[in-house]
Amino acid sequence: MHGRRHLAASLARALTQAPSRSISSTPSLLQTLDSSVPSPPSAPPSAGRLAELRARLQADAPSLGDFTYSVEVGTRKRPLPKPKWMKETVPGGAKYAAIKAKLRELKLHTVCEEARCPNLGECWSGGETGTATATIMILGDTCTRGCRFCNVKTSRTPPPPDPDEPSNVAQAIASWGLEYIVITSVDRDDLPDQGSGHFAETVQKLKALKPEMLIEALVPDFRGDPSCVEKVATSGLHVFAHNIETVEELQRSVRDYRANFKQSIDVLKMAKEYAPPGTLTKTSIMLGCGETPDQVISTMEKVRAAGVDVITFGQYMRPSKRHMPVSEYVTPEAFEKYRALGVEMGFRYVASGPMVRSSYKAGLGTCRVSGGSNHPNLLSIITGDGYLQQRTNAADTLFAGSQLDWTIFCAVNMARPRHWLIDERLVECGGWSIYGSSFVGSVGMVPCPSGKGADHMQWC
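In UniProt numbering, the protein residues as written are 1 to 460.
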């Protein structure tokens, strides 16, 4: 009896000195000790015996490290809880249901669904403006690459493209009455032209059915093939978009091994070279992947040097546990600083916010010159909510000399639903006189002869 009490005391002291122990492993260890130690012991266990006990306990039981968590890119640790500003809207509404039904009927795919975009319900239902936006994904729903952030299905040998898809996509989009559409695709490294011909055909068929529609093509890198880039850039689109996804330093840990920063930058440069004058180039960066502010700024500088007009920043959100973990949730204040910095660098438009995605309401604030107007410089506002409600001082980057580009991004404040409030800074920079209709929702701009800018602002 005395021997058992002494052994229990020794075991307790051993557990106290080595705290990372499992209760579940103790009974089997006690049984082992009971059968191997004579009773009663003639002396306390030696130092060597205690060391042996500790080693066996440490080998059999989980350590304290198994119950502590941190979030690091590239590990399977416990994810960070979503902050209060990362709220998602439950999909619903008549427009949402109609678009979804039409997509199923024509067997079309959207990146909104495949990538589990948090803005799907808001974009499809039209949000506050009632202008529904969808991003159509062509060339199937299976990608030949496997980026660590993406939820799209992958395969080395995906099904062949549907030859009727360009016509089906064009008919569906034309019937929705949208003014702005984004067409994107999976990577198709298995095809001789990387799918560029399919892209160009889709754009051309859509323009034939609805010439006035603005089209953005969000394309893969086509392995950097110049002929593929040229084919899409000259197809009739208005915005050529290709996402670099993350900062230069994290390319290998975030994207598929066949993608790289230089290749993506070269694609954007070639698009600007091949596309007709006035075509915008655009890219997007995810934040929260482990990047540093200095890396973000350096990447922005290189993107701007490539002639890119539009850049967007959004929070990376982990689609599932098998994907790359979130390194951090970037605050709205930090996103605003990146937006202001982008404007300062000369980007013609910067969308930056936790819920922003490359295709998220891509037509927001986009204005186009309407040739059918009595005035040659009448601008039709597609929609004016969202991030452009933040009154920006970016107007000086939107006007060059005395010519108004065919596509500009206007700072419009929709605080009053039936009245357009034009930021005075929009005209202070270039000597523009403003006129517009508060109900029709259009704003016109004409050069101000006196050059006094805001002093000549008028309402029609």
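In short, the hints are calculated from the structure, not lab data. These numbers were taken from a predicted model, which means no experiment stands behind them. Possibly wrong hints are sitting among the right ones.
List time: in silico EDC-like cross-link candidates among lysine to aspartate or glutamate, alpha-carbon distance up to 20 Å [unchecked claim]: (1) K337 / E301; (2) K231 / D294; (3) K82 / D164; (4) K84 / E249; (5) K262 / E249; (6) K269 / E248; (7) K269 / E301; (8) K205 / D193; (9) K302 / E328; (10) K272 / E249; (11) K205 / D266; (12) K231 / E179; (13) K205 / E248; (14) K272 / E301; (15) K262 / E201; (16) K210 / E249; (17) K207 / E248; (18) K302 / D266.
A quick look at each hint next to the structure:
Taking the CA atoms of K337 and E301, the gap is near 15 Å; set against the 20 Å cutoff, the hint holds. Note on K231 and D294: the hinted pairing is violated, with a Cα-Cα distance of about 36 Å set against a maximum of 20 Å. Taking the CA atoms of K82 and D164, the gap is near 42 Å; set against the 20 Å cutoff, the hint is violated. About 29 Å separates the Cα atoms of K84 and E249, which puts this hinted pair outside 20 Å; it is violated.
Restraint check for K262 and E249: satisfied, since their Cα atoms lie roughly 11 Å apart, inside the 20 Å limit. For the given pair, K269 sits about 16 Å from E248 by alpha-carbon distance, which is consistent with the 20 Å threshold. Only pairs whose Cα atoms come within 20 Å are accepted, and K269 paired with E301 is accepted, the gap being roughly 14 Å. Between the alpha carbons of K205 and D193 the distance comes to roughly 19 Å, so the proposed pair stays at or under 20 Å and holds.
Of the pairs offered as hints, the one joining K302 and E328 is violated, with about 24 Å between alpha carbons and a cut-off of 20 Å exceeded. Only pairs whose Cα atoms come within 20 Å are accepted, and K272 paired with E249 is rejected, the gap being roughly 25 Å. A threshold of 20 Å between alpha carbons decides the hint, and for K205 with D266 the separation of about 28 Å lies outside it, so the pair is violated. Among the hinted pairs, K231 with E179 is inconsistent with the structure: their alpha-carbon atoms are about 23 Å apart, more than 20 Å.
For the suggested pair K205 and E248, the alpha carbons sit about 36 Å apart, so the restraint of at most 20 Å is broken. The hinted pair formed by K272 and E301 meets the criterion: a straight-line CA distance of about 17 Å does not exceed 20 Å. With a C-alpha separation of about 28 Å, the suggested pair K262 and E201 falls outside the 20 Å cut-off, and the hint is violated. Restraint check for K210 and E249: the C-alpha separation of about 42 Å exceeds 20 Å, so the hint is violated.
Between K207 and E248 the alpha-carbon distance is near 36 Å, which puts this suggested pair outside the 20 Å criterion. For the proposed pair K302 and D266, the alpha carbon gap of about 11 Å is at most 20 Å, so the pair holds.
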